[in-house]
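Q: Each chain, letter by letter, is given below.
There are 2 protein chains.
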Amino acid sequence: MTRWRLTIEYDGRPFMGWQRQDNGPSVQQQVEAAIFRMTSELATVHAAGRTDSGVHALAMSAHVDIARTLSADRLRDGLNALVRTEPIAILAASEVDDDWHARFSCIGRRYEYRILNRRAPPAIERGRVWHVAAPLDAEAMAEGASLLVGRHDFTTFRSAQCQSQSPVKTLDRLEVVRDGDEIRVAAAARSFLHHQVRSMVGCLAMVGRGQWKPADIRTALEARDRAALGLNAPPDGLYFAEAIYP
Amino acid sequence: MTRWRLTIEYDGRPFMGWQRQDNGPSVQQQVEAAIFRMTSELATVHAAGRTDSGVHALAMSAHVDIARTLSADRLRDGLNALVRTEPIAILAASEVDDDWHARFSCIGRRYEYRILNRRAPPAIERGRVWHVAAPLDAEAMAEGASLLVGRHDFTTFRSAQCQSQSPVKTLDRLEVVRDGDEIRVAAAARSFLHHQVRSMVGCLAMVGRGQWKPADIRTALEARDRAALGLNAPPDGLYFAEAIYP
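Line by line, the protein sequences give chains A and B.
Residue numbering for the first sequence is 1 to 246, as defined by the working numbering.
Residue numbering for the second sequence is 1 to 246, as defined by the working numbering.
Among the hints, erroneous ones may be present.
Claimed, not checked - Pulled a few chain A residues facing chain B out of the computed Cβ check, cut under 7 Å: (1) ILE88; (2) ALA89; (3) LEU91; (4) ALA120; (5) ALA123.
The hints are simulated quantities; they were obtained by calculation from the structure and are not laboratory data.
Yeah, the Cβ is synthetic: ideal placement off N, Cα and C, and Gly gets one too.
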């Protein structure tokens with residue numbers, strides 16, 4: 001039995017999310033089905049993070065145990081051939097130690113969030129950015145973002161379905177940068193609560209539109225109450241960007 | 001009667017191209033239909049360039065004459081609401097003089113071509129980049145590209161359907177830059193022959209893969225013969241980027 005690490009890119013639009021679901025297609029199910037067609041093995045693919053419906057991944061890390069002897073190139077290229085009708089691509093496959101775990105060995109996660117900030121809706125980037133027509137002040141958003149960095153109780157920015165044992169997380173980075181019509185938010189932490197990035201981005205957009213002052217971000221955080229949330233940003237603009245390992 | 005300039009973004013995948021066709025949907029038809037629904041006027045929309053099936057536009061320039069009195073904001077937002085089920089967006093609308101013509105007043109056109117150069121196929125950018133799995137030498141491609149800049153007979157790089165009166169064109173710019181897994185080709189000229197950018201990019205890819213030397217680009221150009229063409233790149237990676245006016 002060999003443990004393989006897979007790096008997977010996907011467009012989240014046609015999926016219910018990463019995780020296998022009874023009510024619709026998932027990325028996990030597609031990759032597991034491709035492995036079954038290749039090896040006749042019913043293997044479970046474990047990912048560093050479980051993205052929601054419509055959320056994308058530039059480079060999700062995952063692992064899977066396969067008994068059949070394969071080369072890394074054969075596994076990567078074979079899986080890509082088998083998932084080719086879906087917007088999923090295996091960027092890399094590599095052998096890892098048996099105790100390496102995509103989720104439990106992960107010491108850092110990076111997300112990116114893309115906002116298209118212009119009057120006209122997106123044509124080319126539809127479903128892959130959050131369209132905000134009203135002008136956003138990226139500098140005010142960056143100021144608000146800086147108030148969330150550090151170790152805090154993020155209950156305000158946590159969905160009701162969150163399964164994390166504690167709402168206390170350490171946010172290592174939350175940066176807002178404008179590039180033409182696009183505003184990009186980069187977030188990094190050891191781990192995130194469910195909906196945390198989308199909830200933080202939604203509140204930052206309220207700051208960008210002038211509905212909130214930057215300091216209102218701190219007020220929302222300190223409320224430790226989901227009812228203090230300004231806005232949960234849609235999944236369209238969210239990308240799982242990187243899982244970091246020791 | 002007011003002449004309006006429209007700046008239009010579109011994803012070319014679902015369309016037969018810019019131009020109205022009998023055999024399938026076109027961007028022109030969608031925009032004209034939206035104008036008809038808004039004004040009850042059967043207006044013709046003239047564009048700076050006619051993109052082929054599957055070719056995208058970041059900012060196509062076009063003009064249309066409308067009798068009904070409208071504000072620029074109303075026209076832009078109204079058209080966007082009416083085309084919202086299609087991957088088309090009106091980025092801007094502005095009044096222009098009656099003698100302004102999107103095609104005939106245009107003094108420069110810019111195209112961009114995106115190549116995804118990695119082993120794995122695209123997931124997120126599918127249909128919007130040309131996937132080349134074999135490693136490409138971007139520096140050799142840039143050297144080959146420099147040999148095409150200037151005033152030349154581009155017969156080798158011209159499709160059999162090209163309606164241009166002369167195959168002699170002046171290519172102002174053809175630059176190749178690598179950015180991670182992506183290679184971008186930027187082309188600028190007063191005007192291009194049909195398939196010229198895709199044909200030039202196809203030959204540059206042969207240089208990048210080492211099948212051609214950079215100097216073979218000059219040999220192909222000097223042959224003035226379509227049979228000397230190495231490869232015509234697919235429409236997926238091509239974007240009409242800008243139309244320039246005095």
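Q: Now tell me if each hint is right for this structure.
A: Hint-by-hint comparison with the structure:
1. ILE88: Given a least distance of 5 Å, the restraint on ILE88(A) holds.
2. ALA89: Holds - the Cβ of ALA89(A) comes within 7 Å of chain B, reaching about 4 Å at its closest.
3. LEU91: With a minimum Cβ separation of about 5 Å from chain B (threshold 7 Å), the hint on LEU91(A) holds.
4. ALA120: holds, 4 Å
5. ALA123: OK, holds: ALA123(A) within 7 Å of chain B, min 4 Å.
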